[in-house]
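K.L.:
In order, the protein sequences belong to chains W and U. Numbering follows the numbering used here, in which position 197 of the first sequence is assigned residue number 197; successive positions increment by one, without gaps. Numbering follows the numbering used here, in which position 153 of the second sequence is assigned residue number 153; successive positions increment by one, without gaps.
Calculated from the structure, these hints are not laboratory results. The structure presented is a predicted model; accordingly, all values stated were derived computationally and were not measured. Idealized CB from N, CA, C, for every residue including glycine. Possibly wrong hints are sitting among the right ones.
[Claimed, not checked] Not close to chain W: a few residues of chain U, all C-beta gaps over 10 Å, as computed:
1. K45
2. I63
3. F66
4. L75
5. G77
6. F79
7. I87
8. I135
9. M140
10. E142
11. I146
12. L153
13. V157
14. T158
15. G161
[What the hints assert, rightly or not] Within a straight-line C-alpha distance of at most 25 Å, the following computed DMTMM-like cross-link-like pairs (lysine to aspartate or glutamate) qualify:
16. U:K129 / W:E52
17. U:K42 / W:D75
18. W:K343 / U:E39
19. U:K45 / W:D73
20. W:K31 / U:E142
21. U:K82 / W:E8
22. U:K42 / W:E46
23. U:K129 / W:E315
24. W:K108 / U:E39
25. W:K108 / U:E41
26. W:K119 / U:E39
27. W:K108 / U:D40
28. W:K338 / U:E41
29. W:K54 / U:D40
30. U:K80 / W:E8
31. W:K338 / U:D40
32. W:K344 / U:E39
33. U:K45 / W:D75
34. U:K42 / W:E72
35. U:K42 / W:D87
36. U:K45 / W:E46
37. U:K80 / W:E2
38. W:K31 / U:E39
39. U:K42 / W:D73
40. W:K24 / U:E142
Single-letter residue listing:
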Amino acid sequence: MEVTAVTEILDTTLALVFAWVGYKTTRILWKYTPYSYPNARIRAMEARLFNEQKFNELAESKTLNNFIINLEDSDYKDYLANISSYDAESIEKALDTALADIYGLMFKILPKRVNPFFKLLLQEWDVRNISSIVKAKISGEPAVNYVIELGTMVPKIKAMADAKSMEEILVILEGTEYEEIYQGLLLGEISVDEFETQLYRMHYLKLLEYASSRKDEEKIILEEFVKLKIDKLNILTILRAKAHNLKADVIKSFLIPGGTINKKTLETLLNVDDLSMALAELDSTKYGNIIKNVREEIEGDLSVLGREFDRYIRERLGELTRFYPLSVAVPLNFILQKETEIKKLKAIAKLIEDGIFPEKIKDIVGELT
Amino acid sequence: MDPIVYVSLGAALAAGIAGAASSFGVGIAGAAAAGAVAEDEKNFKNALILEGLPMTQSIYGLITLFLILMVSGILGGNFKFKNPSDINNIIKSAILLGAGLTVGLTGLSAIPQGIIASAGIGAVAKNPKTFTQGIIFAAMAETMAIFGLVGALIMIVTGVGF
Chain W
1 MEVTAVTEIL DTTLALVFAW VGYKTTRILW KYTPYSYPNA RIRAMEARLF NEQKFNELAE
61 SKTLNNFIIN LEDSDYKDYL ANISSYDAES IEKALDTALA DIYGLMFKIL PKRVNPFFKL
121 LLQEWDVRNI SSIVKAKISG EPAVNYVIEL GTMVPKIKAM ADAKSMEEIL VILEGTEYEE
181 IYQGLLLGEI SVDEFETQLY RMHYLKLLEY ASSRKDEEKI ILEEFVKLKI DKLNILTILR
241 AKAHNLKADV IKSFLIPGGT INKKTLETLL NVDDLSMALA ELDSTKYGNI IKNVREEIEG
301 DLSVLGREFD RYIRERLGEL TRFYPLSVAV PLNFILQKET EIKKLKAIAK LIEDGIFPEK
361 IKDIVGELT
Chain U
1 MDPIVYVSLG AALAAGIAGA ASSFGVGIAG AAAAGAVAED EKNFKNALIL EGLPMTQSIY
61 GLITLFLILM VSGILGGNFK FKNPSDINNI IKSAILLGAG LTVGLTGLSA IPQGIIASAG
121 IGAVAKNPKT FTQGIIFAAM AETMAIFGLV GALIMIVTGV GF
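All chains, please: the whole structure from these sequences, using the hints.
P.N.:
Okay, structure coming up:
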């Protein structure tokens with residue numbers, strides 16, 4: 001073989017090898033490097049999440065003063081240090097601020113290609129607040145009691161709660177994405193229930209759209225998370241409707257598209273006669289295992305299913321976290337765990353204020369797990 | 001290309017690719033270490049050890065660089081394969097390029113090692129008991145670089161000789 005032929009073969013091989021190696025290396029670096037810092041930080045924060053023993057200690061606080069002292073060695077110390085009076089409401093507000101800061105931290109440390117999802121998640125609190133305030137105003141209750149100081153538009157939410165008329169709320173919502181839906185409610189085009197459904201539908205479609213626009217693992221994880229949440233909402237809506245004997249057509253208008261339950265199962269669920277039959281129908285879905293263990297309790301109290309569903313979503317995200325340690329699953333899983341922790345802390349504070357015995361508090365908080 | 005280009009390229013790629021991969025690996029693990037320490041400075045010792053693991057590939061690259069420069073005579077200022085029209089010179093310089101490339105490319109294992117170390121730092125930050133397992137998982141990626149170094153040594157010793 002000629003010397004030039006040998007050198008040409010060597011040169012071409014080199015070029016091909018380097019092109020391939022360069023491409024693969026860049027892909028790997030692009031995929032994992034941005035999660036290195038935030039995920040390690042979040043893991044370290046996970047180590048500080050409260051365990052059952054800590055919740056039991058807090059449940060035994062007896063007074064809110066002791067409750068706050070017991071939280072002095074925790075991440076909540078700075079938030080609780082500034083509260084003016086030791087009552088459950090002030091503690092709740094401080095804990096909400098802590099949660100809002102966690103969302104803010106996620107937004108700050110996570111890669112730009114995925115952090116808008118956490119802003120969208122925060123908007124769910126806006127939807128909850130708007131819906132609660134409007135419902136409270138319509139039923140003549142003080143809306144302030146229903147406000148959770150979390151979300152992307154807390155000042156507007158507070159102003160809405162203080163609004164003297166429904167028209168004033170429209171002025172506050174002007175320029176936001178919720179304006180049009182609220183206008184529909186004011187004009188009597190939709191009922192308050194439809195108003196709530198439309199708010200959630202818009203929110204979940206936004207989440208789903210964002211999740212679908214991602215790539216690779218991010219797309220898999222975010223889509224699964226959003227679809228699980230949609231399934232939870234749809235199943236609870238159907239079961240509640242069945243418990244109140246609503247017709248299939250009416251229930252259908254309250255469903256949110258985009259979940260994993262197929263059309264055929266949904267149709268069957270909508271057309272079964274009662275709650276028991278709906279639960280039996282769900283046995284054949286992937287959620288059968290959730291229902292199996294608590295069927296009798298669900299038939300008496302549907303909130304049990306909501307809690308079991310939340311637990312299932314957390315467990316599923318835990319699995320995804322183990323499978324994709326350098327991915328968006330870690331911060332999502334952490335946010336859910338943190339929300340549960342704060343929910344439990346709020347419950348303990350409220351129960352202590354109401355003078356409930358520690359053993360009873362432990363039972364109630366245990367159920368929230 | 002002339003034999004001198006192949007030989008120099010072999011030496012440069014061995015140290016260059018392995019060194020670059022090591023820096024990426026240490027960079028990924030270092031970012032995780034910073035994250036873990038930001039939340040709790042007790043994580044420093046464990047994170048430092050895991051962060052250092054992807055550095056070894058750059059040492060293998062450096063060893064190979066010296067070996068190639070030595071056997072080819074570049075290090076002593078007397079390059080042995082000067083004549084480009086001699087096919088033996090082309091073959092020997094190609095072997096040295098291959099040896100350098102083997103170490104360089106297997107040295108890329110420093111990047112996944114950094115990723116594993118990064119996940120390991122996260123796991124150790126959550127549960128310090130997983131430190132040993134984290135080291136073992138990250139060390140697995142090292143074997144590929146060791147294989148590459150052994151292969152390159154065999155190529156250099158048998159294909160070119162001292």
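K.L.:
Decide, hint by hint, whether the structure agrees.
P.N.:
Results for each hint:
1. Against chain W, the non-interface label of K45 (chain U) holds: every CB pair exceeds 10 Å, the least being about 14 Å.
2. At the 10 Å boundary, the C-beta of I63 (chain U) stays outside the reach of chain W, the nearest C-beta of that chain being 21 Å off.
3. In this structure F66 (chain U) is separated from chain W by more than 10 Å, as the shortest Cβ-Cβ distance comes to about 22 Å.
4. At roughly 23 Å, the least C-beta separation between L75 (chain U) and chain W is larger than 10 Å, which holds for a residue marked as non-interface.
5. In this structure G77 (chain U) is separated from chain W by more than 10 Å, as the shortest Cβ-Cβ distance comes to about 25 Å.
6. Interface exclusion of F79 (chain U) from chain W stands, the closest Cβ pair being 17 Å apart, more than 10 Å.
7. With a least CB separation of 6 Å from chain W, I87 (chain U) falls inside the 10 Å interface cut-off, contrary to its annotation.
8. For I135 (chain U), the shortest C-beta to C-beta distance to chain W comes to about 16 Å, beyond the 10 Å cut-off, and the non-interface label holds.
9. For M140 (chain U), the non-interface assignment is confirmed: its Cβ lies about 15 Å from the closest Cβ of chain W, beyond the 10 Å cut-off.
10. The Cβ of E142 (chain U) sits about 17 Å from the closest Cβ of chain W, beyond the 10 Å cut-off, so the non-interface label holds.
11. At roughly 19 Å, the least C-beta separation between I146 (chain U) and chain W is larger than 10 Å, which holds for a residue marked as non-interface.
12. Remark: the non-interface label on L153 (chain U) is consistent with the geometry, its nearest Cβ contact in chain W lying 21 Å away (cut-off 10 Å).
13. Annotated as non-interface, V157 (chain U) keeps its C-beta farther than 10 Å from every C-beta of chain W; the closest such distance is 21 Å.
14. Residue-level check passed: T158 (chain U) sits 20 Å from the nearest beta carbon of chain W, beyond 10 Å.
15. For G161 (chain U), the non-interface assignment is confirmed: its Cβ lies about 21 Å from the closest Cβ of chain W, beyond the 10 Å cut-off.
16. As the CA atoms of K129 (chain U) and E52 (chain W) are separated by approximately 20 Å, the hinted pair is consistent with the 25 Å bound.
17. Of the supplied pair hints, the one linking K42 (chain U) and D75 (chain W) holds, its CA atoms being roughly 16 Å apart against a limit of 25 Å.
18. This hinted pair checks out: K343 (chain W) and E39 (chain U) have alpha carbons roughly 23 Å apart, not beyond 25 Å.
19. The straight-line distance between the Cα atoms of K45 (chain U) and D73 (chain W) is roughly 23 Å, inside the 25 Å bound, and the hint therefore holds.
20. Proximity of K31 (chain W) to E142 (chain U) is assessed by CA-CA distance (about 21 Å); at most 25 Å being required, the pair is judged to hold.
21. This hinted pair checks out: K82 (chain U) and E8 (chain W) have alpha carbons roughly 19 Å apart, not beyond 25 Å.
22. Proposed proximity of K42 (chain U) and E46 (chain W) is supported: the alpha carbons are some 15 Å apart, at most 25 Å.
23. Our distance criterion of 25 Å between C-alpha atoms is met by K129 (chain U) and E315 (chain W), whose separation comes to about 22 Å.
24. Straight-line distance between C-alpha atoms of K108 (chain W) and E39 (chain U) comes to about 15 Å, which keeps the hinted pair within the 25 Å bound.
25. Proposed proximity of K108 (chain W) and E41 (chain U) is supported: the alpha carbons are some 21 Å apart, at most 25 Å.
26. A C-alpha spacing of about 23 Å is found between K119 (chain W) and E39 (chain U), which places the hinted pair at or below 25 Å, so the restraint holds.
27. Note on K108 (chain W) and D40 (chain U): the hinted pairing holds, with a Cα-Cα distance of about 19 Å set against a maximum of 25 Å.
28. The suggested pairing of K338 (chain W) with E41 (chain U) holds, with an alpha-carbon distance near 22 Å, which does not exceed 25 Å.
29. Simply put, K54 (chain W) and D40 (chain U) have alpha-carbon atoms about 19 Å apart, close enough for the 25 Å limit, and the pair holds.
30. For the hint linking K80 (chain U) to E8 (chain W), the alpha-carbon distance of about 22 Å falls within 25 Å, and the restraint holds.
31. Proposed proximity of K338 (chain W) and D40 (chain U) is supported: the alpha carbons are some 18 Å apart, at most 25 Å.
32. A distance of roughly 23 Å separates the Cα atoms of K344 (chain W) and E39 (chain U); the hinted pair therefore holds under the 25 Å criterion.
33. Distance restraint check for K45 (chain U) and D75 (chain W): the Cα-Cα separation of roughly 23 Å lies within the 25 Å cut-off, and the hinted pair is therefore satisfied.
34. Simply put, K42 (chain U) and E72 (chain W) have alpha-carbon atoms about 20 Å apart, close enough for the 25 Å limit, and the pair holds.
35. A C-alpha spacing of about 35 Å is found between K42 (chain U) and D87 (chain W), which places the hinted pair above 25 Å, so the restraint is violated.
36. Restraint check for K45 (chain U) and E46 (chain W): the C-alpha separation of about 19 Å stays at or below 25 Å, so the hint holds.
37. Distance restraint check for K80 (chain U) and E2 (chain W): the Cα-Cα separation of roughly 21 Å lies within the 25 Å cut-off, and the hinted pair is therefore satisfied.
38. Between the alpha carbons of K31 (chain W) and E39 (chain U) the distance comes to roughly 24 Å, so the proposed pair stays at or under 25 Å and holds.
39. Under the criterion of a C-alpha separation no larger than 25 Å, the hint pairing K42 (chain U) with D73 (chain W) is consistent with the structure, at around 16 Å.
40. Restraint check for K24 (chain W) and E142 (chain U): satisfied, since their Cα atoms lie roughly 19 Å apart, inside the 25 Å limit.
Violated hints for the displayed structure, listed by number in ascending order: 7, 35.
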